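Q: Listed below are the residues making up each chain.
Number of protein chains: 4
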Amino acid sequence: MLEKLKEKVLKANLELPKRNLVTYTWGNVSEIDRESKLIVIKPSGVDYDEMTEEDMVVVDLKGDIVEGKLRPSSDTPTHIELYKKYPDIGGIVHTHSSWATSWAQSGKSIPVMGTTHADYFYGEIPCTRKLSEEEIMSEYEKQTGLVIIETFKDRNPMYTPGVIVNDHGPFNWGKDSNEAVHNAVVMEEVAKMAFRAKMLSPEDNGADEALVTKHFLRKHGENAYYGQG
Amino acid sequence: MLEKLKEKVLKANLELPKRNLVTYTWGNVSEIDRESKLIVIKPSGVDYDEMTEEDMVVVDLKGDIVEGKLRPSSDTPTHIELYKKYPDIGGIVHTHSSWATSWAQSGKSIPVMGTTHADYFYGEIPCTRKLSEEEIMSEYEKQTGLVIIETFKDRNPMYTPGVIVNDHGPFNWGKDSNEAVHNAVVMEEVAKMAFRAKMLSPEDNGADEALVTKHFLRKHGENAYYGQG
Amino acid sequence: MLEKLKEKVLKANLELPKRNLVTYTWGNVSEIDRESKLIVIKPSGVDYDEMTEEDMVVVDLKGDIVEGKLRPSSDTPTHIELYKKYPDIGGIVHTHSSWATSWAQSGKSIPVMGTTHADYFYGEIPCTRKLSEEEIMSEYEKQTGLVIIETFKDRNPMYTPGVIVNDHGPFNWGKDSNEAVHNAVVMEEVAKMAFRAKMLSPEDNGADEALVTKHFLRKHGENAYYGQG
Amino acid sequence: MLEKLKEKVLKANLELPKRNLVTYTWGNVSEIDRESKLIVIKPSGVDYDEMTEEDMVVVDLKGDIVEGKLRPSSDTPTHIELYKKYPDIGGIVHTHSSWATSWAQSGKSIPVMGTTHADYFYGEIPCTRKLSEEEIMSEYEKQTGLVIIETFKDRNPMYTPGVIVNDHGPFNWGKDSNEAVHNAVVMEEVAKMAFRAKMLSPEDNGADEALVTKHFLRKHGENAYYGQG
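Protein chains in written order, with my numbering: chain A, 254 to 482; chain B, 254 to 482; chain C, 254 to 482; chain D, 254 to 482.
Keep in mind the hints are simulated off the structure, nothing from the lab. Don't take each hint at face value.
If several chains are the same, the list does not tell them apart, and a pair holds so long as it fits within one copy or across any two.
Here are the simulated lysine to any residue pairs, SDA-like style, with alpha carbons at most 20 Å apart [to be verified]: (1) K406 with R382; (2) K467 with V400; (3) K264 with D302; (4) K467 with E394; (5) K264 with T276; (6) K271 with Y301; (7) K271 with S297; (8) K472 with E307; (9) K264 with D300; (10) K361 with E392; (11) K383 with L267; (12) K472 with E462; (13) K315 with S327; (14) K361 with N458; (15) K290 with G343; (16) K271 with E303; (17) K290 with M254; (18) K361 with E456; (19) K271 with D302; (20) K271 with D300; (21) K395 with D372; (22) K264 with A463; (23) K264 with Y277; (24) K271 with E260; (25) K338 with T413; (26) K337 with L399; (27) K257 with R287; (28) K361 with D286; (29) K361 with S454.
Computed from a prediction, not measured in an experiment: that's the story for all the values here.
Next up, chain A with everything else stripped away, as it sits in the complex (with noise of 0.2 Å):
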């Protein structure tokens, strides 16, 4: 069942360790095979070293277990909540990356400081508002998705693929897994590079609107023509 896409969605994961954006078992990458309506998505707490395409768990839109004999990711509920409102999200991950998460735990959005940030993602990465205390208690994770959709009300998630949940860590997505964990490696090498601006220039909130629209339109659209596209 949905062999390829195990295959992928593993392959998508172990990129994580690979790009040194996770320590141990943190992290996740799913991708969703929206013809059937389920997501791939690794299991909670395995080693990234141990993890063959059979222990990726298949789950539906309401969070059941469809194949798997392990659990998913405590994150899961996140993902769907994404993959529910979002129809051209294909893939979603999350991690706890230095850089980002700095900047998550700081509460404050990513300005755009430079072209960089401006090739892939369009206006500054937001910060997401505190969660509740309530929030937190009742189905967390949920809300953790549901505070990433309010915060998305006024954009375009596909024009700025990732978000920093506030305290907590970034996620993103892409069209697929693959461009996901592309967007997520990006984001930490942007959150590097917006903090030693900042700290070389506290006052300055970022690069001119019309370089940061030049920027994306280069590598997005239909005039882009970064690439041999």
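With chain A held as given, fit chains B, C and D onto it using these hints.
A: Here is chains B, C and D on its own, set in the frame of chain A:
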């Protein structure tokens, strides 16, 4: 004598250079066999590259060498005080890992800036008070153990399995030597991200209590639901 | 056509991931053959792992492709402006290396904080002014080249073989592609140490003129005595 | 001639790239044979990858080449001044390692922020005064040696085996070349942690005298009890 435990303690010690927690011969891991009340600990000043099971030193709770050709770690008296006080501690590790040591040198406790911290450490990771000149000059390493115990007088050390000793560096513990080293690796990561978050938001003193409690209980206690346990 | 140069430019490009200056497909190196006035440059958006000599693109000084199956780097017009203006420049490299880019994002020139800088770059490494909206919207990459030239109007670019483009990132050059990449590696190291020195001494604006001149002349000019030359 | 010493000095030099203290050909290690009063030192500007025992240069205390096909390190006159002044120094190393060099560029001594420092360096690691223009323009490298000696006029260099030269970088020494490099590795680690502690606690000027003395004496002097000695 205690051959299996020596093998285990050797392996736990070798995790330290592998996880980039030590330079040269710095650092030491021990584990206690509660039945025989004997501790297996790394020898002092021996290269990790050349260390063998036979180099591990067996000491009793008075600090006397029971078996071994080499001197035990000079920090052995600190380990002993902790084993004597806390029956749940099975393994202890001390390093000068750079982020946790930087906090120790600042004399400040590591605040709970986010969920990565809360997943492993309940509440701030405390920094001990400075030792008095008298304490330093008489049985210094034993006094280091006693000041850690003083720091935890109103806390459960199994809920916050680590401390930073003022102007010195971190100690971590766990139910055995593997868990102790695991906690040391996580504390280093937590210390790094807390540093950066404080640089971005100097006035921020950490995550909300509800979030901290929620994350700690996701991984610990009766209703934990992280992992496959 | 220009087979030896393609091989050389490929190797210079492969130094970028090896020296940790790039993420994914970012960055590009070129070299000009002054006799034929043809430039060999990296293709746009191709993985370093899979890049071959045949992928290198040959363009002329008008930017037209003379040979090659792939699109040249989107930054090609910037390279061309520099080659046209400065006959001593033989090779050019552009990356988003993290320390130099952090300075670019801060909008500040890198001051000469010490001799490591002075060994390679005479005087501060300048940050360009921001481009106007008009410049950004029309022939952006060419305008990037022109603003670099404007920045060097009173300086010899061969004495300061690098620049940081405001809110974007570094460009470096040299007598050939190897020297350009060498200068990029050094500039990244210089940017890192300047950042840290400024954090420790925010009011410090750099080393004395005599020291700077001495170090530059140890390595450059008629009386150089560093190395075996 | 001095073949064993050449082999030893080569190995000590090769530790520099292995321990990430140098970029390209930067840095140099020497050792003196006190009997013959001859110094073996790295040649100037040669790649570490290609360096052989035969490349090592033998110079006397006047700086004349006694054996060797290559030029000695341009910093040789600095080494010579230290060997002439301090009979206990057997080996010397100079690098532009990034953390120690950042301190040098800030013009500040490295304060004793904790026990890691105190284990190896008694008291702060001093930063020299700036050289005058006259000193820089005449026998610069010799003057660098003399200003180090001036900095240590009231101190024992064997108790504080390192210095940072203002706006330049670190020099370290020891009883032989191995110990010198060991001290350089530790000083880099100490410089890193002192930087971070100062960022967290800018007003903190270091550990108590009693703690510093205790740690230094645990490893040095008659009553040392660290290691197997």
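Q: Hints first: check each against the structure and report whether it holds.
A: Here is how each hint holds up against the structure:
With identical chains, the CA atoms of K406 and R382 are at most 20 Å apart within one copy only, with a shortest distance of 13 Å there and 36 Å across copies. For the identical chains of this complex, K467 and V400 are inter-copy neighbours only, at 17 Å across copies versus 30 Å inside a copy, given an alpha-carbon limit of 20 Å. For the homomeric pair K264 and D302, the shortest alpha-carbon distances inside one copy (12 Å) and between copies (18 Å) are both at most 20 Å. Proximity of K467 and E394 under a CA criterion of 20 Å is satisfied inter-copy only: 11 Å between copies versus 36 Å inside one chain copy.
Taking the shortest Cα distances, K264 and T276 sit within 20 Å of each other both inside one copy (17 Å) and across copies (19 Å). In this assembly of identical chains, K271 and Y301 lie within 20 Å of each other by CA distance both inside one copy and across copies; the values are 10 Å within and 17 Å between. For the homomeric pair K271 and S297, the shortest alpha-carbon distance inside one copy (19 Å) is at most 20 Å, but the shortest distance between copies (24 Å) is not. When the C-alpha separation of K472 and E307 is checked against a cutoff of 20 Å, the pair qualifies neither within a copy, at 36 Å, nor between copies, at 24 Å.
Within a single copy, K264 and D300 get their C-alpha atoms as close as 14 Å, and across copies as close as 18 Å, so both meet the 20 Å cut-off. Proximity of K361 to E392 under the C-alpha cut-off of 20 Å is found in neither arrangement, the shortest distances being 25 Å within a copy and 35 Å between copies. With identical chains, the CA atoms of K383 and L267 are never at most 20 Å apart, being 30 Å at best within one copy and 40 Å at best between copies. For the identical chains of this complex, K472 and E462 are intra-copy neighbours only, at 16 Å inside a copy versus 42 Å across copies, given an alpha-carbon limit of 20 Å.
In this assembly of identical chains, the alpha carbons of K315 and S327 lie at most 20 Å apart only when taken from the same copy (14 Å versus 45 Å across copies). Within a single copy, K361 and N458 get their C-alpha atoms as close as 12 Å, and across copies as close as 14 Å, so both meet the 20 Å cut-off. Taking identical chains as interchangeable, the C-alpha atoms of K290 and G343 lie at most 20 Å apart only when both belong to the same chain, with a minimum of 11 Å there against 47 Å between chains. Both within a single protomer and between protomers do K271 and E303 lie at most 20 Å apart by alpha-carbon distance, with minima of 14 Å and 18 Å respectively.
With identical chains, the CA atoms of K290 and M254 are at most 20 Å apart within one copy only, with a shortest distance of 13 Å there and 53 Å across copies. Taking the closest pair of Cα atoms, K361 and E456 come within 20 Å of each other both inside a single copy (14 Å) and across two copies (12 Å). With identical chains, the CA atoms of K271 and D302 are at most 20 Å apart both within one copy (11 Å) and between copies (15 Å). Proximity of K271 and D300 under a CA criterion of 20 Å is satisfied in both settings, with 13 Å inside one chain copy and 17 Å between copies.
Proximity of K395 to D372 under the C-alpha cut-off of 20 Å is restricted to the inter-copy arrangement: shortest distance 18 Å between copies versus 30 Å within a copy. For the homomeric pair K264 and A463, neither the shortest alpha-carbon distance inside one copy (37 Å) nor that between copies (35 Å) is at most 20 Å. Within a single copy, K264 and Y277 get their C-alpha atoms as close as 17 Å, and across copies as close as 17 Å, so both meet the 20 Å cut-off. Proximity of K271 and E260 under a CA criterion of 20 Å is satisfied intra-copy only: 17 Å inside one chain copy versus 29 Å between copies.
For the identical chains of this complex, K338 and T413 are intra-copy neighbours only, at 15 Å inside a copy versus 38 Å across copies, given an alpha-carbon limit of 20 Å. For the identical chains of this complex, K337 and L399 are intra-copy neighbours only, at 11 Å inside a copy versus 48 Å across copies, given an alpha-carbon limit of 20 Å. With identical chains, the CA atoms of K257 and R287 are at most 20 Å apart within one copy only, with a shortest distance of 14 Å there and 50 Å across copies. For the identical chains of this complex, K361 and D286 are neighbours neither inside a copy (34 Å) nor across copies (47 Å), given an alpha-carbon limit of 20 Å.
Taking the shortest alpha-carbon separations for K361 and S454, both the intra-copy value of 16 Å and the inter-copy value of 8 Å come in at or below 20 Å.
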